[in-house]
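J.: Here is how the chains run, residue by residue.
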Amino acid sequence: MRMKDIKHLINKYWQGKSQPDDDKLIEKHFSKNNLTMPENEYFAYLKHKRQEKINNPDFENELLQTIANTDIATKKISIRKYLTIAAAVTLLISMSIVLLNRTGVIDKLAINTTEQDTFEDPQMAFEETKKALLMVSENLNKGKTYSHELVRFTESQEKLKN
Amino acid sequence: MTLETFKRDILPLKDKLFRYAKSIVSNVELAEDVVQETMLKVWEKRELAHTINNIEAWCMTVARNFALAKYRSKANQVNELDPRIDPIEKADTPAEILEKEDILNKIDTIVLKLPLKQKEVFQLRDIEGYSYQEIADITSYQLSDVKVSVYRARKTLKENLERIYAYERY
Numbered sequence: 094m095r096m097k098d099i100k101h102l103i104n105k106y107w108q109g110k111s112q113p114d115d116d117k118l119i120e121k122h123f124s125k126n127n128l129t130m131p132e133n134e135y136f137a138y139l140k141h142k143r144q145e146k147i148n149n150p151d152f153e154n155e156l157l158q159t160i161a162n163t164d165i166a167t168k169k170i171s172i173r174k175y176l177t178i179a180a181a182v183t184l185l186i187s188m189s190i191v192l193l194n195r196t197g198v199i200d201k202l203a204i205n206t207t208e209q210d211t212f213e214d215p216q217m218a219f220e221e222t223k224k225a226l227l228m229v230s231e232n233l234n235k236g237k238t239y240s241h242e243l244v245r246f247t248e249s250q251e252k253l254k255n
Numbered sequence: 518m519t520l521e522t523f524k525r526d527i528l529p530l531k532d533k534l535f536r537y538a539k540s541i542v543s544n545v546e547l548a549e550d551v552v553q554e555t556m557l558k559v560w561e562k563r564e565l566a567h568t569i570n571n572i573e574a575w576c577m578t579v580a581r582n583f584a585l586a587k588y589r590s591k592a593n594q595v596n597e598l599d600p601r602i603d604p605i606e607k608a609d610t611p612a613e614i615l616e617k618e619d620i621l622n623k624i625d626t627i628v629l630k631l632p633l634k635q636k637e638v639f640q641l642r643d644i645e646g647y648s649y650q651e652i653a654d655i656t657s658y659q660l661s662d663v664k665v666s667v668y669r670a671r672k673t674l675k676e677n678l679e680r681i682y683a684y685e686r687y
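Chains as they are written, first to last, in my numbering: chain A, 94 to 255; chain E, 518 to 687.
These are calculated hints, taken from the structure and not from any lab test.
Where hints are given, some of them may not hold.
Unchecked claim - Straight line, CA to CA, 27 Å or less: simulated DSS-like cross-link-like pairs of lysine-lysine:
(1) A:K117 <-> A:K100
(2) A:K105 <-> E:K558
(3) A:K97 <-> A:K146
(4) E:K623 <-> A:K100
Unchecked claim - Partner residues aside, some chain A positions facing chain E, computed with beta carbon under 7 Å:
(5) G109
(6) Y135
(7) P215
Backbone N, C-alpha and C define an ideal beta-carbon position, used for all residues, glycine too.
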């Protein structure tokens with residue numbers, strides 16, 4: 094590269110107007126030619142700084158070990174968190190049951206369920222059975238068959254009553 | 518990002534991150550801490566990696582944030598010269614070796630005394646070779662600020678170099 098072109102590039106460089114490719118050309122020129130110019134030491138300095146590295150040879154191994162330890166700790170924290178949540182939910186449910194039991198809510202619910210049963214009242218049971226059979230008869234359109242059964246059932250009941 | 522991808526793509530950036538961090542904190546041990554913290558943070562956020570266009574720029578930005586936090590901590594605002602300059606080449610005579618060390622140390626001192634923004638931009642442009650746009654992306658400086666900072670840093674260096682060079686000649 095001609096000296097004139099190099100000087101032009103150097104001027105551009107110091108004005109901050111050069112492109113990265115121009116910078117590389119200038120550096121290459123100075124590294125090949127031992128010129129007595131301030132830029133010679135300057136570009137040697139840049140080249141030297143680019144070679145700086147982390148001094149610790151175990152840096153990567155130590156980092157990977159830290160990552161492995163961090164991952165294990167994170168998993169333990171997750172399991173502990175879920176167990177804590179599960180314990181809290183269980184406690185909440187248990188307390189709710191105890192509280193509801195004390196206030197008689199559960200008993201009331203049980204009574205309501207019992208009241209719906211008709212087995213203690215035969216007449217009511219008979220009426221309900223008739224209704225059910227008629228409903229089935231209508232829905233399945235097998236009225237005749239069921240109505241015969243119903244008549245027989247009614248007659249049997251009447252005989253039992255008498 | 519798997520561990521294998523991390524080893525392949527992120528670990529090799531450690532020296533570049535180290536140099537950049539050191540340009541901000543001016544301390545070797547702190548710079549190494551920054552690199553470790555950066556890599557752990559990148560690993561922690563690995564699920565975001567597939568959404569990032571430029572992983573290297575992202576790592577540099579993370580390192581910058583950690584380095585700036587340390588820089589701003591008053592206890593760590595210590596200007597430290599790099600004792601590890603190693604300019605020795607086999608063909609150099611002892612006198613030449615001393616002379617080189619001297620000049621490189623002097624340039625290092627000039628760079629160390631640059632304002633933080635100029636130091637950062639000088640590091641990213643003149644040592645790491647990033648374009649102005651890449652520097653703007655890493656640092657969040659305006660593109661015009663980046664260009665001005667490069668110009669000012671180089672101007673300072675040139676003036677001081679000429680002074681050193683003129684002095685050395687006589």
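J.: Which numbered conditions among the earlier hints are violated in the structure presented, ordered from lowest to highest?
T.: 2, 3, 7
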